[in-house]
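The chain contents come next:
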Amino acid sequence: MLELLVAMAILGILGLLLSGLIDGMFRGAGVASSNADRTERAGMIASRMARDLKSMIAPLTGNMTNGPQFLLSPGGLSAVSRPQSVIFQAPLARDDSVTDIATVAYFARWLPGVLPRSVLCRLEVPLVDPSFLAGSWADMAFVDAFAPAVSTANPPFLGLLEENVLALWIRAVAADGSLTYSYDSRLQGRLPTAVDFAFVVVDAQAAANLSTLPPFNAVNPVNMEEEVQAFVNALPETTRRGARVFRASVSMAVRQP
Amino acid sequence: MMTHLPPRVHARGSALLISLVLVAIATVVLVATFTRVRVSSGIMRSVADGVSAALMVNEAENAAIATLRAQTTDVGGTTPVWVSRPGEIVILEADPGTGVMTASPSALHSGLATNYDEGINLNAARLSTPGLSLISGDPAQEFPVRWIYVRQDGSRSISGPGPYIASNPVIGRFAYWTDDESTKLNTNLASFRNTNTVPSDPRQISLRPLSSSDDLLLAQAIEQTRATGGIFQTPLDTRRASQNAQQAADLEAARFSLTHTNHSPESTFFNEPKIVLTTKAAVANGRPYINLDDIPGTVALINRYLTRTDWPIAPGKSYQGKFYAGNPDRITQLSLNIIEYVRASETPATALDMGITVPIRGTMSGSTFVVNGTTGSANSFRGMNRGPRLTELAMWRAGTLNPDGTRTFRIFLEVHLPANIGLASIDLTRLSRYTDVNSSMNPARTPVTAANCFPDAILPAGEYRLITWTQNLPANTWPTGEARLRLAIFNQQAQPAAIDLAPLESLPVGSPTTSIPIPITTGTTGATTATAAQAIAEITRSVEVDDPLLNGRSTDWVVSASGHTLAGANSIRTVGQPAVTSSPEQDMDKQGNITDVGMVHPAPAGTVGNLAGAVQSIAELGHIHTGIQVAAASQPGTPWRTLRLQPRHPNAVTSDTLPDWAILDVFALPSANLSDPLINPFPGSSGGKINLNSRIQPFAATLTRSLPLEALLTDLTNLPTGFDPNLIAGNIIDRVPSNESIAQGRFFDTSPEAVFSHPAEVIEAAGMADRGESSEQVLKQVIDHLRVKGSVFTIYSVGQALVQEPDGGIVVRGEDRRMTMLERRETGTAPAVVTFRTILSKPLNR
Numbered sequence: 001m002l003e004l005l006v007a008m009a010i011l012g013i014l015g016l017l018l019s020g021l022i023d024g025m026f027r028g029a030g031v032a033s034s035n036a037d038r039t040e041r042a043g044m045i046a047s048r049m050a051r052d053l054k055s056m057i058a059p060l061t062g063n064m065t066n067g068p069q070f071l072l073s074p075g076g077l078s079a080v081s082r083p084q085s086v087i088f089q090a091p092l093a094r095d096d097s098v099t100d101i102a103t104v105a106y107f108a109r110w111l112p113g114v115l116p117r118s119v120l121c122r123l124e125v126p127l128v129d130p131s132f133l134a135g136s137w138a139d140m141a142f143v144d145a146f147a148p149a150v151s152t153a154n155p156p157f158l159g160l161l162e163e164n165v166l167a168l169w170i171r172a173v174a175a176d177g178s179l180t181y182s183y184d185s186r187l188q189g190r191l192p193t194a195v196d197f198a199f200v201v202v203d204a205q206a207a208a209n210l211s212t213l214p215p216f217n218a219v220n221p222v223n224m225e226e227e228v229q230a231f232v233n234a235l236p237e238t239t240r241r242g243a244r245v246f247r248a249s250v251s252m253a254v255r256q257p
Numbered sequence: 001m002m003t004h005l006p007p008r009v010h011a012r013g014s015a016l017l018i019s020l021v022l023v024a025i026a027t028v029v030l031v032a033t034f035t036r037v038r039v040s041s042g043i044m045r046s047v048a049d050g051v052s053a054a055l056m057v058n059e060a061e062n063a064a065i066a067t068l069r070a071q072t073t074d075v076g077g078t079t080p081v082w083v084s085r086p087g088e089i090v091i092l093e094a095d096p097g098t099g100v101m102t103a104s105p106s107a108l109h110s111g112l113a114t115n116y117d118e119g120i121n122l123n124a125a126r127l128s129t130p131g132l133s134l135i136s137g138d139p140a141q142e143f144p145v146r147w148i149y150v151r152q153d154g155s156r157s158i159s160g161p162g163p164y165i166a167s168n169p170v171i172g173r174f175a176y177w178t179d180d181e182s183t184k185l186n187t188n189l190a191s192f193r194n195t196n197t198v199p200s201d202p203r204q205i206s207l208r209p210l211s212s213s214d215d216l217l218l219a220q221a222i223e224q225t226r227a228t229g230g231i232f233q234t235p236l237d238t239r240r241a242s243q244n245a246q247q248a249a250d251l252e253a254a255r256f257s258l259t260h261t262n263h264s265p266e267s268t269f270f271n272e273p274k275i276v277l278t279t280k281a282a283v284a285n286g287r288p289y290i291n292l293d294d295i296p297g298t299v300a301l302i303n304r305y306l307t308r309t310d311w312p313i314a315p316g317k318s319y320q321g322k323f324y325a326g327n328p329d330r331i332t333q334l335s336l337n338i339i340e341y342v343r344a345s346e347t348p349a350t351a352l353d354m355g356i357t358v359p360i361r362g363t364m365s366g367s368t369f370v371v372n373g374t375t376g377s378a379n380s381f382r383g384m385n386r387g388p389r390l391t392e393l394a395m396w397r398a399g400t401l402n403p404d405g406t407r408t409f410r411i412f413l414e415v416h417l418p419a420n421i422g423l424a425s426i427d428l429t430r431l432s433r434y435t436d437v438n439s440s441m442n443p444a445r446t447p448v449t450a451a452n453c454f455p456d457a458i459l460p461a462g463e464y465r466l467i468t469w470t471q472n473l474p475a476n477t478w479p480t481g482e483a484r485l486r487l488a489i490f491n492q493q494a495q496p497a498a499i500d501l502a503p504l505e506s507l508p509v510g511s512p513t514t515s516i517p518i519p520i521t522t523g524t525t526g527a528t529t530a531t532a533a534q535a536i537a538e539i540t541r542s543v544e545v546d547d548p549l550l551n552g553r554s555t556d557w558v559v560s561a562s563g564h565t566l567a568g569a570n571s572i573r574t575v576g577q578p579a580v581t582s583s584p585e586q587d588m589d590k591q592g593n594i595t596d597v598g599m600v601h602p603a604p605a606g607t608v609g610n611l612a613g614a615v616q617s618i619a620e621l622g623h624i625h626t627g628i629q630v631a632a633a634s635q636p637g638t639p640w641r642t643l644r645l646q647p648r649h650p651n652a653v654t655s656d657t658l659p660d661w662a663i664l665d666v667f668a669l670p671s672a673n674l675s676d677p678l679i680n681p682f683p684g685s686s687g688g689k690i691n692l693n694s695r696i697q698p699f700a701a702t703l704t705r706s707l708p709l710e711a712l713l714t715d716l717t718n719l720p721t722g723f724d725p726n727l728i729a730g731n732i733i734d735r736v737p738s739n740e741s742i743a744q745g746r747f748f749d750t751s752p753e754a755v756f757s758h759p760a761e762v763i764e765a766a767g768m769a770d771r772g773e774s775s776e777q778v779l780k781q782v783i784d785h786l787r788v789k790g791s792v793f794t795i796y797s798v799g800q801a802l803v804q805e806p807d808g809g810i811v812v813r814g815e816d817r818r819m820t821m822l823e824r825r826e827t828g829t830a831p832a833v834v835t836f837r838t839i840l841s842k843p844l845n846r
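Sequences listed follow chains A and B, in order. Residue 1 is where the first sequence starts when you use my numbering, and the numbers rise one by one after that. Residue 1 is where the second sequence starts when you use my numbering, and the numbers rise one by one after that.
Heads up, some of the hints might be wrong.
[Unchecked claim] Among the chain A residues that face chain B by a calculated CB cut under 10 Å, a handful are:
#	residue
1	A9
2	D100
3	P112
4	G113
5	V125
6	V128
7	V254
Just so you know, the hints here were simulated from the structure itself, not pulled from any lab data. Cβ atoms here follow ideal geometry from the backbone N, Cα and C, with glycine treated the same way.
Throw the hints in and build the complete structure from the sequences for me.
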């Protein structure tokens with residue numbers, strides 16, 4: 001009898017251990033699946049961003065001060081340059097009934113509130129009036145109008161592309177091969193030949209524990225990879241474990257003579 | 001009594017339990033691991049499939065570019081003669097043996113699919129708006145192209161995926177089709193016919209046919225939009241111009257015929273830079289031109305084309321052989337006439353010259369033209385200038401001797417100002433005369449006075465006046481019958497410059513064939529009583545010419561059988577009589593009678609008829625006389641014959657296979673606006689031209705593109721009765737040749753899917769220029785906007801990532817579609833360096 005009790009106790013303990021193990025395994029699988037979904041989404045976002053950038057257009061006549069342009073971290077968007085932002089024109093308008101050219105922008109945005117968080121935004125506005133592009137048109141009023149990324153927007157969360165993207169680095173490759181964090185095609189007289197970008201994304205649980213971000217380190221575009229990693233390393237341990245970095249490099253399809 | 005289980009049984013149970021537990025743990029671990037691996041590999045595979053599909057699109061684009069590069073760039077020092085059209089590059093080659101041109105197409109697509117097992121419809125409906133399609137906008141228009149399968153080792157197959165090979169499976173496939181943007185209307189340039197720009201300006205192409213209500217409102221909206229809102233940056237960007245739903249619908253309906261950019265190479269059949277019809281280097285923009293500082297060089301340049309025999313459309317034939325058979329040196333006359341025409345178009349009138357231009361004169365020294373005033377050889381030349389012509393000569397002598405024993409002679413020179421020579425009138429007293437009669441009369445150049453003019457000194461265009469004077473000669477030096485005439489502008493230079501002289505040859509005494517035979521009428525009265533009018537009344541014979549522009553050979557002058565036509569149209573003038581219809585044909589009207597409407601010279605620069613002071617159309621070369629001094633001194637020229645920019649006459653000999661219009665290929669106009677990058681994207685290329693080769697390959701059975709040609713032919717002026725733009729556009733597209741009594745059209749590529757070899761081949765189409773010389777007016781408004789090849793191409797491609805199953809079946813794992821617009825650029829010459837660059841890249845899979 002005693003033996004039976006001992007055996008049952010052992011079996012019970014083993015059963016508990018086994019169920020715990022199985023539960024842990026399924027929890028792990030769930031987390032893995034969640035991470036995988038996030039990774040897959042981030043990968044798709046990187047692909048889309050790369051495709052959008054690749055489609056950017058230059059003014060047909062080569063007069064870069066009159067027509068489509070490429071602005072990397074323009075002054076008017078400093079509030080959403082975390083640490084960089086990009087805005088340009090490309091034939092990507094979802095609704096092409098008036099034109100297929102859209103002004104497209106990518107930037108990371110910090111949304112304060114009860115649950116502060118950082119999101120990646122994609123702005124897309126049909127370019128129905130190119131004269132709009134004169135002067136310092138790329139400003140926060142424009143961004144807030146078309147990509148506020150908040151629930152009160154119409155439609156809600158307009159411009160919100162992905163939650164929990166903490167930062168977006170972008171650097172341009174100029175015609176002479178130099179790398180830069182700031183580029184204005186109107187001043188440079190041409191589009192960049194290539195663009196590299198990297199963004200940091202964390203899982204929802206890690207993001208929930210985050211109320212502030214470490215300072216962005218964006219000083220030397222030659223060391224962009226190191227600067228991105230330094231940012232990740234500066235995150236709290238619980239956040240850092242859920243952080244992933246996605247990078248891509250895009251050669252411009254449009255070649256200027 | 002209790003019974004204990006045997007200890008052996010206890011051990012077995014524990015082992016079983018432990019084994020079960022271990023198996024369970026192992027299973028869980030394996031399942032979890034498998035799940036993680038599966039998820040990770042799924043992510044990786046998804047990303048890889050996307051990349052693979054994009055790479056397939058790259059393969060498609062590279063295939064199209066490779067064909068473009070191979071067929072349109074220098075190969076072994078020779079660039080093939082190529083033309084382009086939607087879906088194809090076509091190489092034209094001449095077979096000197098057969099005298100036939102062959103056309104070899106190279107596909108700019110992956111092949112026509114006959115069913116969707118072997119291909120895909122590139123013009124698929126859009127998912128977001130199923131009523132519209134990706135390329136043409138109309139989902140009913142299918143673009144079925146074949147798949148090209150790609151295996152792991154990079155090898156390709158167009159005949160299906162083939163069997164599964166474990167070590168080298170199929171990994172993807174792609175399909176593509178390439179459009180030629182030069183066959184479309186350029187909405188950044190086309191506008192509507194107006195008088196604000198030169199006729200060759202692409203803004204003259206009318207956008208009226210875009211409007212379903214046949215008005216110019218949409219055209220005006222487009223012009224206004226690009227002026228105030230900026231030029232269009234993509235083909236669909238033109239939609240910014242629409243101001244209402246109807247205009248938006250009209251633009252959507254025309255979507256497949258509109259582009260925002262196109263340009264075409266400005267090179268000849270032989271891939272050489274065209275000669276710009278200007279005398280101004282700055283306007284020529286680096287290209288060859290009519291360089292008046294180097295007339296011998298310019299003559300040599302033009303002669304090179306006129307004498308070459310490797311025209312793709314007529315191997316073995318040349319213009320030298322056509323117009324100057326047996327007299328190869330005389331081809332220089334044609335070159336000089338072209339030079340003179342261009343020079344006259346850019347030369348204004350001055351107070352001294354009344355707009356008359358002094359002809360270039362010279363001789364050939366070997367194969368080199370030497371500019372000089374020498375007229376002493378059979379190979380002397382005088383360009384066809386803007387000015388009056390000597391057309392009739394007569395001499396009267398008094399019936400009695402003067403008291404001093406001399407006899408008075410009165411000479412009559414008839415001066416004619418051809419109706420279309422470019423001058424409204426001239427004052428004869430601003431000229432000087434020179435007449436050398438057997439060296440026995442004073443050959444000095446003498447100013448013409450009012451007293452010398454009969455009936456008056458003002459000579460309006462289309463009319464005749466006489467210059468007459470008397471001279472007393474000793475009885476023993478009476479002229480016996482040969483004269484040499486010269487008309488000069490008085491006081492222009494220290495030595496008045498000759499503006500007409502006949503014949504060109506000097507007067508070799510004793511060689512009467514090189515001077516004009518002069519019939520002398522002996523009057524009935526003495527010199528003191530015979531006025532000019534009385535002398536005219538007594539003259540019984542004269543010597544005259546038929547074509548006023550044809551008076552340079554003594555043999556062009558014909559002694560009348562009786563009577564004269566002094567101060568009136570000459571009796572031997574053949575205008576209105578049946579034309580010579582064997583080639584080279586004389587200028588004829590639609591009844592086949594000789595006409596003078598082609599004998600046109602430009603008015604002085606800046607005056608009515610030539611306000612721009614420039615050649616307005618290469619078709620103006622249709623005014624170039626081809627019958628002047630065609631042969632040696634003893635042979636007359638051919639009157640009333642200019643370059644024929646019409647289909648040949650049915651009576652034309654079949655061996656005459658080199659049409660006059662082919663020479664237009666050699667020349668180009670100065671750019672309408674050098675500073676406009678849309679019109680002049682770079683040297684050697686012109687924007688806004690329309691490619692005649694608009695047949696859409698390989699979908700021609702179901703797709704046509706006629707709107708651009710209709711636009712070009714819309715709102716023209718000076719049209720023949722019944723001119724229908726849409727009908728003629730259809731004739732051009734369907735290659736319907738002219739079939740008129742005086743014009744038998746023929747196209748040089750006779751293959752089933754033929755191409756136009758040259759813009760001027762449009763002449764052969766029914767209704768285009770087949771109603772006589774006057775129908776060349778239509779051509780002047782059209783030809784400069786036409787080309788047969790383009791430099792901007794759009795590749796529509798689709799790529800799919802595949803997995804091939806062991807049973808050979810395939811599974812599609814990813815797809816990408818893209819539209820990529822390419823620009824072909826030529827830099828430098830002989831041979832030009834050709835580069836391709838992307839000017840627009842647009843994802844289509846949305």
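Residue hint V125(A), partner chain B, criterion CB-CB below 10 Å: Where the cut-off is 10 Å and the nearest Cβ of chain B is about 14 Å from V125(A), the hint is violated.
Hint check, P112(A) versus chain B [nearest Cβ-Cβ separation less than 10 Å]: violated (32 Å)
Hint validity - G113(A) Cβ closer than 10 Å to any chain B Cβ: Hint violated; G113(A) Cβ to chain B Cβ min 32 Å, cut 10 Å.
Minimum beta-carbon distance criterion (10 Å), V128(A) to chain B: Holds - the Cβ of V128(A) comes within 10 Å of chain B, reaching about 6 Å at its closest.
Evaluation of the interface hint that places A9(A) against chain B, nearest CB under 10 Å: violated (12 Å)
V254(A) as chain B interface residue, shortest Cβ-Cβ below 10 Å: Since the shortest Cβ distance to chain B is 6 Å, the answer is holds.
Satisfaction of the D100(A) interface hint, Cβ to chain B closer than 10 Å: This hint holds: D100(A) lies near chain B, its Cβ roughly 4 Å from the closest one there, short of 10 Å.
In summary, the structure is inconsistent with hints 1, 3, 4, 5 from the numbered list given earlier, while agreeing with the others.
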